[in-house]
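Here the structure of chain A is known, so what remains is to put chains B and C in place on it, guided by the hints.
Protein chains in written order, with the working numbering: chain A, 1 to 1069; chain B, 1 to 181; chain C, 1 to 461.
Calculated directly from the structure, the hints in this document are not laboratory data. Keep in mind that this is a model prediction, so the values were computed, not measured. Hints are supplied without guarantee of correctness; some may be wrong.
Simulated coverage check for chain A against chain C, where a stretch passes if three residues somewhere in it have a Cβ under 8 Å from a Cβ of chain C [to be verified]: (1) 291 to 304; (2) 846 to 860; (3) 890 to 902.
Here a beta-carbon is modelled for each residue, glycine too, at the ideal position from N, C-alpha and C.
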Amino acid sequence: MNGMREHEQHEHLDGQHERNDPAGDAKLHEGPMDLAAVRAKLQSKTGKLYWRTLEELAGDPQFEELLHREFPRQAPSEWDDSVDRRDFLKLMAASLAFAGLSGCGRTPEQYVVPYVKQPDGMTLGKPQFYATAMPFGADAIGLLVESHEGRPTKIEGNPDHPSSLGATNVFAQASVLNLYDPDRAQTVTKFGEIQTWAAFLDSAQAIAAETRAANGAGFRILTGIVTSPTLAAQMQSFLTLYPQAKWHQWEPALGDGAREGAKLAFGSYVNTVYRPEKAEVILSLDSDFLGSGPGHIPYAREFSRRRKLDQYTEVDRRDAEMNRLYVIEPTPSVTGATADHRLPLRALEVGLFARALAAKLGLGGSVTVPAGSEDWLDAVAKDLQKHKGASLVVTGEHQPAEVHALAHAINASLGNVGTSLYYTEPVEAHPVNHLEALRQLCADIDAGKVETLLILGVNPVYTAPHDFDFASKIKLDPSTKQKKVKNTICVSSHFDETAEVCDWHVGESHYLETWGDARAFDGTVTVIQPLIAPLYHTHSARAVLGAFTEKPGATDYDVLRERLKAAYPSADFEKFWRKTLNDGVISNSASAPINVTLKFNPASLPAAKTSSLDELEFLFRPDPCVYDGRFANNGWLQELPKPITKLTWDNAALISPKTAENLKLAHNVAWGGGEHGKVYSNVIDVALANSKVTAAAWIVPGQADGVVVLPLGYGRKRAGYTGTNKGFNAYAVRSSSALWAATASSTMIKKTGEDYPLACTQYHFNMEGRQILATGTLEEYRKNPGFAHEPGGNPPKELSLYTEYSYPGYAWGMTIDLNSCNGCNACVVACQSENNIAVVGKDQVMRGREMHWIRIDRYYEKSVKSATNDPSSYDASLDNPPTFFQPVPCQQCENAPCEQVCPVGATVHSAEGLNDMVYNRCVGTRYCSNNCPYKVRRFNFLRFQDWETPQLKLLRNPEVTVRSRGVMEKCTYCVQRINTARIEAEKDNRKIRDGEIVTACEAACPTQAIVFGNANDPNSRVAKLKAQQRNYTLLGELNARPRTTYLAAVRNPNPELLTASRSPAKESA
Amino acid sequence: MILHRSHIYGVVGEFETPEKLIHAVEKVREAGYRRFEAFSPFPVEGLSQAMGLKRNLVPLITLIGGLTGGIGGFGFQYWVAAITYPLNIGGRPFNSWPAFIPVTFELTILGASLAAVFGMLALNKLPQPHHPVFNVHRFSHASTDRFFICIELRDAKFHLAETARFLQGLEAHHVSEVSDD
Amino acid sequence: MSAGQPPFDSPEIRRLTPVLGPGHTYASVTDKISAIVLTRRTSLGWFIGFAIAFSLTGLMTVAIGWLFIKGTGIWGINIPIGWGFAIVNFVWWIGIGHAGTLISAILFLLNQKWRTSINRFAEAMTLFAVACAGIFPLIHTGRPWMAFYMFPYPSTMGIWPQFRSPLIWDVFAVSTYGTVSLMFWFVGLIPDLATLRDRAIQKPAKIIYGTLAMGWRGSARHWHRYQSAYLLLAGLATPLVLSVHSVISFDFSVSIVPGWHTTIFPPYFVAGAIYSGFAMVITIAIPLRKAYGLEDYITMRHLDNMAKVMLATGLIVAYGYFFEFFLSLYSGNKFDVFLVQQRLQGPYAPFYYSLILCNILTPQLLWFYKIRHNVVVLFIMSIVVNIGMWLERFVIVVISLTRDFVPSAWGRYSPTFWDWATYIGTIGMFVMLIFLFVRVLPAISIAEMRELVAETSEEKE
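In isolation and in its complexed conformation, chain A is listed as follows:
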């Protein structure tokens, strides 16, 4: 991708930062002013006011004082040094920009590679790409971030990075919106009062002094999972400085199962890395390894490589080799939807199955097979044994330790270790049992052992198990006017639930604003380089931690460089440094595979605890869109339809059709919006662990009966404008005793009798027997590779009354491989980010007006004939329906029905076959949308775009029009990218190369399901794919001649199981 070239060409450009900003040019004259006023101005958000007051500020000695405290890198003695005077001016300008946010991006004041001031190589209006990474749980996703004149606008994956391979996921894509989130914490506060960083440093030092005296006793730090070696190093030095101090960790949505499982199996914490590509047969024990968790992007990539069927041309399709995926899970996930065989079991029964499988494979232990999975057990066991060394058993993060241990044992016994998976030292700097760590912290607080609590980037008041009642631990007791913890300092991006009850709150900088590093799922170390100086008075967790050391002034930048110098000694460090920043990874820093010896015998496991089937099993799972709640204020993610349920803006208690019938729960479709918007759902009270929460129930076909899933991350009280009070808070009924699964009698659910409107973008799951999404089995495909072609699919061109237009030059086209697509939604957010697509809000989504240019349709197998399309009217075919995803962007029809009916010619065809939208010409009759058989056109019914918020102006992609009220819009095949590539190509007087244009959706796709290119060029990937037998046209009989075509989904079911479980083959055979 051209991003690569971009970010490589800047090696020579360092040092330029020394030149000062025009903004800073000597603006000095005298003029008294008091600090309060200055601070007031610094807080003021109106940039204009700022520049007007620049002069007076510049001259003010107190202002200089303030600035110098703002930027402790400058030693006071150096003020009158001319060089530093320049720096000072520059910094002043910077600070003004931070505080005033005068509407233009700012480049950081330190050594950013490639540049601070515009270098000769850079042309205005031409985006630059910088390598960085987004730390996320026990993983970090390597990124190339597109920057327009210093404004990061778009996230792309870094092809050189193991956990990205060029692709991204929804969180990475949406994270750029977090950067510009206007609700972010913008300053340092004490008891809600705005303070300066300087003031904070002072009191931090004061606390540090006390603590040092007490040898660190009573000083506690609470973080999430830390994979950053630098932060870890800082921690270590801190803990050596204060031997009595303790470091606790709490990652609410990442279970301890994996860690403890490894310990159980091998006696020590180890990290497991899978190689799905190497596996012929994969069994997932409640693991969503294709859709979430560390490394899911490369896993999805590797997995899909084995399902491309590319080589299967007419001729040699016989030697078709395709892996097979079995998934056992309590609630449908994208991995389950991709599976060849899916078996819904309660979370507890998954464990039983694992035991039974282990026993079956001769590892000893009990053989109580969960009801209904006997034939499964046999088939899976056989299949696994048949592929010793080329099989893989993956366990879900939320499964208990023993299941993980069992999986390790099974993998070992199958000889998969070293082939389809390997073990490394832990990626986390300091692996511990998080639940125990948090429990310990709470106990210590109650015991009065905690003087100072430093909370770095986590939100325990919201996420801690409710029986810990974390808020009461730190907040002022109204009755006694006492606090259990003397000093509480919270660092977080928003002034959240925890910040509310802490003394100090420091706004945490976004990862695009700070220097840092992180480890990927395989241990690879990435340097995080900022693309923009902090927009507000925010600081990194490391800086805050540093404030308590004897070097409070040290900047992230220096600390990082020192550590790297130490860790990677090299002749020319600068060269190494620049290469690292440029590549985004430290070359071959991935942790080496280690040999582990299995110290675990399944037989030794204590008897499994079982639950009677009339009890309900409540599961707590991170939400696919807002995760553990940290993305609650992200409009893109809130409005993103969840892969399976297609719900937006809310979470809901997920229930299987059967259970719903027993509990007499139902949906009913509202008239406004209806199937494509507003669905009323029964409200239930869920009483668990002597706590209660009120939630809307949602019926999910394919969910295990008796399972109720309560997605985490919603019901935030202090998330910001977008995220506050959306959905219900599942943490409220999540107790430490049942962190992931709680069993309770069905009487714990009570219908309140009310209904709650949910915004569901696709309620209709039934294909009504139409050839919308072509599916088949490998068997079928071998027999008839063209099975996807409906009789009379594409009418022959001779039948047309008109002579076809010829497209002699480029003919842009796209193929979407339904066999690879797992509905992960990355393309949807990528498109939204690239094309400035507006967020419309729940009310508008309920009216059926969401604006996504590409949507992912979720259908259940074509044989599912539910009388009504309503899962709440129970129908056995909905117990475990095979699920398929179909991304639908504009099909760019050659005979576009939309164009013909537009009265003003606002949508016309380009010479390269693009179906162009001319916003300026559109009067908004919506006739084109009515006449679009694919319904991919989106209309600005109101003024959906936010034109006021200055932060969002920075976010926008300057190459794409920001549409206003009353015009139609739709997918353009990222025409701006096509034209950028065209310009490049014409400059060197050549044709555009295949793969030179990468649409936003294509770039983001982890499985490379979407391929774009020039269909006229027989050697282009897209042309080859279109030549495949699986290639078919959506609604071809309409003769609209779409340029976007689909590759039929082919599943590879195990013949032995066909009779046992529903699978595509059964119907379509």
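What follows is chains B and C alone, placed relative to chain A:
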């Protein structure tokens, strides 16, 4: 009793029924009058024949208007879609003539109708706010229930007294002269 | 005019009440009709009715104002249902607008004497209905201030309307129809304006009517050209009437949406238009003749005939429904077949059934002489038919859009307050204009009534 005036326009006779009017008109023509006009509150059958009016120009004008509208309409669409700004609209040919028919048709009708109405008004020299016959005060009945014949001064045979007497001879209910100011 | 025998002599028609009450002279008809405008005092009822209609018009202006401020999002439309009330009402009004010109033109060509006393206000009704209809295509656009893009004007970009789009055909059809109807109506008015000019007492009235009359003096030569022009207009208006609703139907039949894309649409839209048009004429005629004592002019004979026309066109419409149904099933096109099933069983089925009830079943009562001659029942029935025809458009526009090709995109539609406000508002405007019309212009063509007097008196002999 008729007074002699210098500038008069002509003489009008008033009749009660259309039949009498037609009868009178025939007589007037037989008497050799040419420059005369009949007035009636509604189109009286046979009056035109009695007055020997020939086919009028309105249909021809209408035809021309229609043809202009039609040909012009299609020509314009063709020019727009195929010559001045040809666009590939949904793969349809530039000259998608079948799609141009409705507008062509409508413009034909429009042209013809406009021509018919304005042609008629023009030939009738309307609007014409004033006309001498309005000076006859009983003439207001011409728009209600009375029928008039006006023999104009310009007529060769016109002689005020003669003509007036002649009209009375045609059992005109009332005869008066039309002043021309 | 009276080419061929007037139909009166046929014995069975003699039994019917004549088209004109007995004992009328040129003067009496003139007095009677012009008095309504000139001398008669404006009744309190008129003021009350006008006030109500006027306030409803106000509601409409508010609704449209809010629409322009906020955008079409205040309506119930969405994706996939891009067209809702706006287009439903547009088609409904245009349909109503068909009776007037049809009565004046076609019945004129067919030399139907009974048209005489109803054509004037039928034409007026046409104009007002077209005015109401014309509002919707404009305001339903997302950017009404850009709606002029739809007219061919030399733009700086050198770009023109896209003449393949049925919406452009609409623009031309509706504006042509409006213009021609207006001219037709006005030309018919000229002699009456002259009458009013001559009979008006107050000076302002004299001046206004005088100006409008353009100095018409009923000269034989003028009548001569006048008649041929009028005849030609009638001849032109007739195909125009038929074309306009065909073009409206193209909006749907040219598209590919199941339930829209069918060849039966043009004829059955036209029939439906005449159907609803006549219904509306009855709805207006009955109160009008009552209020102004015009029973002698708008006789039972008229109501009877109009009822018969309704019955006939109603049957054509029924045939249309049947064939729409049949063609869908016969085509075997799975989308069309599915749509038929949707109409019968889908979420909007009740609308379809009430449509059948209003448009097909109820009108069958018109077979009975007693019903046709019961003014009250006839009035109610005309309103039922109006509702039925509105439902027909709703069924066509909305049901077809809710469930088309790709099931994932299926949706539902329900109107908002503003949808209703706009719709009711246009009805208010329509009524208001009718009130104004009967107050300031002769609701019945005086000149033609005189002709009628002449002819009937001929027959006396």
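Each hint tested on the structure:
For the segment 291 to 304 of chain A, the proposed coverage by chain C is not satisfied: 0 residues have a C-beta within less than 8 Å of a C-beta in that chain, short of the threshold of three. Restraint check on the segment 846 to 860 of chain A versus chain C: 7 residues with Cβ-Cβ distances below 8 Å, three needed, restraint holds. A count of 4 residues in the segment 890 to 902 of chain A with a Cβ less than 8 Å from any Cβ of chain C is obtained; the coverage claim is therefore met, three being the minimum.
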